[in-house]
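Construct the entire structure; sequences and hints are all you get.
So the sequence lines, in the order shown, correspond to chains A and U.
For the first sequence, our numbering assigns the number 1 to the initial residue and increments by one for each residue that follows.
For the second sequence, our numbering assigns the number 1001 to the initial residue and increments by one for each residue that follows.
Rather than coming from a laboratory, the hints here were simulated on the basis of the structure.
Accuracy of the hints is not assured; some may be wrong.
Covered stretches of chain U, going by a simulated chain A footprint (3 or more residues, C-beta under 8 Å) [claimed, not checked]:
# : stretch
1 : 1006-1016
2 : 1079-1092
3 : 1113-1124
Taking CB as the label site, the calculated pair distances span [unchecked claim]:
# : chain 1 : residue 1 : chain 2 : residue 2 : range
4 : U       : Pro1006   : A       : Gly23     : 24 to 32 Å
5 : A       : Tyr3      : U       : Thr1051   : 52 to 60 Å
6 : A       : Asn120    : U       : Pro1006   : 22 to 30 Å
7 : U       : Asp1123   : A       : Met90     : 35 to 43 Å
8 : A       : Leu127    : U       : Asp1113   : 38 to 46 Å
No residue lacks a Cβ here, since even glycine has one placed at the ideal position from N, Cα and C.
There are 2 protein chains.
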Amino acid sequence: MIYSIPTFKDSRGSLSVVESLYGVVPFEVKRVYWIYDVPQNTMRGGHANFTSHQFVIAIQGRIKITLENKDGIETYVLDSPEKGIHIAPMTWNTLVYESPNAVLLVLSSQLYDPKTYINNHDDFLNLCKR
Amino acid sequence: MIYSIPTFKDSRGSLSVVESLYGVVPFEVKRVYWIYDVPQNTMRGGHANFTSHQFVIAIQGRIKITLENKDGIETYVLDSPEKGIHIAPMTWNTLVYESPNAVLLVLSSQLYDPKTYINNHDDFLNLCKR
Chain A
1 MIYSIPTFKD SRGSLSVVES LYGVVPFEVK RVYWIYDVPQ NTMRGGHANF TSHQFVIAIQ
61 GRIKITLENK DGIETYVLDS PEKGIHIAPM TWNTLVYESP NAVLLVLSSQ LYDPKTYINN
121 HDDFLNLCKR
Chain U
1001 MIYSIPTFKD SRGSLSVVES LYGVVPFEVK RVYWIYDVPQ NTMRGGHANF TSHQFVIAIQ
1061 GRIKITLENK DGIETYVLDS PEKGIHIAPM TWNTLVYESP NAVLLVLSSQ LYDPKTYINN
1121 HDDFLNLCKR
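The structure is reproduced here in structure tokens:
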């Protein structure tokens, strides 16, 4: 599901805002990162996480995101700084940076911990069957 | 002072990351917002806050930021997604969006509360003298 991010526009520009806990994101934000300088049509992601929630926004450009969980696969297009997607734990995600200057902003519920990642798709599918 | 943001680069692009509490930002992130579609050379900001900490990054483009506190005035240029500035409480800030597609990312230590803002510069200067 694509979330609409509260946005305030006037002649000086636009401001979109996400508040943890009380606002758009259903978790506390512990880590924020942004991905940029990605060659056009590069695929990134390709993993799932046991425990973390993420909320992702294409701050600029167009990014296609595919989410797979035990219930199936859905694909979304992020093409506005006013749209976001919540990625729940145990969701395999792949992202294609379709435009040349796309920038992805990620708000994450936990600090980086490589032990919480599932990097092999077959392992992911087996874990989903449990 | 300009902070260098931990950044990881490879052939698929670049990732810059900020972790609250344990990382770059000396506060917990309660609110995240981004400002975009700002006409070139527009000035924004023009206020101080009694209590909030903010960490600001020019995710794209070039933004000049001027910070004023009881000790004086400093001007910085943010022109890389790998640089950030910490704005402490009681700091009057003005930002000029020098390039046409500049995008500012702001991490804030508190939820929005208009009562915590000082919007008049004379009031700010008087408060600084106390």
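Cut-off 8 Å, C-beta pairs, minimum 3 residues; does the coverage of the stretch 1079-1092 of chain U by chain A stand? Not satisfied, violated; 1 residues make the cut.
State whether the coverage of the stretch 1113-1124 of chain U by chain A holds or is violated, taking the criterion as 3 or more residues with Cβ-Cβ distances under 8 Å. violated (count 0)
Examine the stretch 1006-1016 of chain U: at least three residues should have C-beta closer than 8 Å to a C-beta of chain A. Check passed, 7 qualifying residues.
Between Pro1006(U) and Gly23(A), does the beta-carbon spacing fit 24 to 32 Å? 26 Å, holds
Take a look at whether the Cβ-Cβ distance between Asp1123(U) and Met90(A) falls inside 35 to 43 Å. Violated - the Cβ-Cβ distance for Asp1123(U) and Met90(A), about 51 Å, lies outside 35 to 43 Å.
If you check the beta carbons of Leu127(A) and Asp1113(U), does the distance land in 38 to 46 Å? Once the Cβ atoms are compared, 43 Å apart, the range 38 to 46 Å for Asp1113(U) and Leu127(A) holds.
Range hint compliance [Cβ, Asn120(A) to Pro1006(U), 22 to 30 Å]: Between Asn120(A) and Pro1006(U), where Cβ atoms are some 27 Å apart, the hint holds.
Outcome of range test on Cβ distance (Tyr3(A), Thr1051(U); 52 to 60 Å): 28 Å, violated
Violated hints for the displayed structure, listed by number in ascending order: 2, 3, 5, 7.
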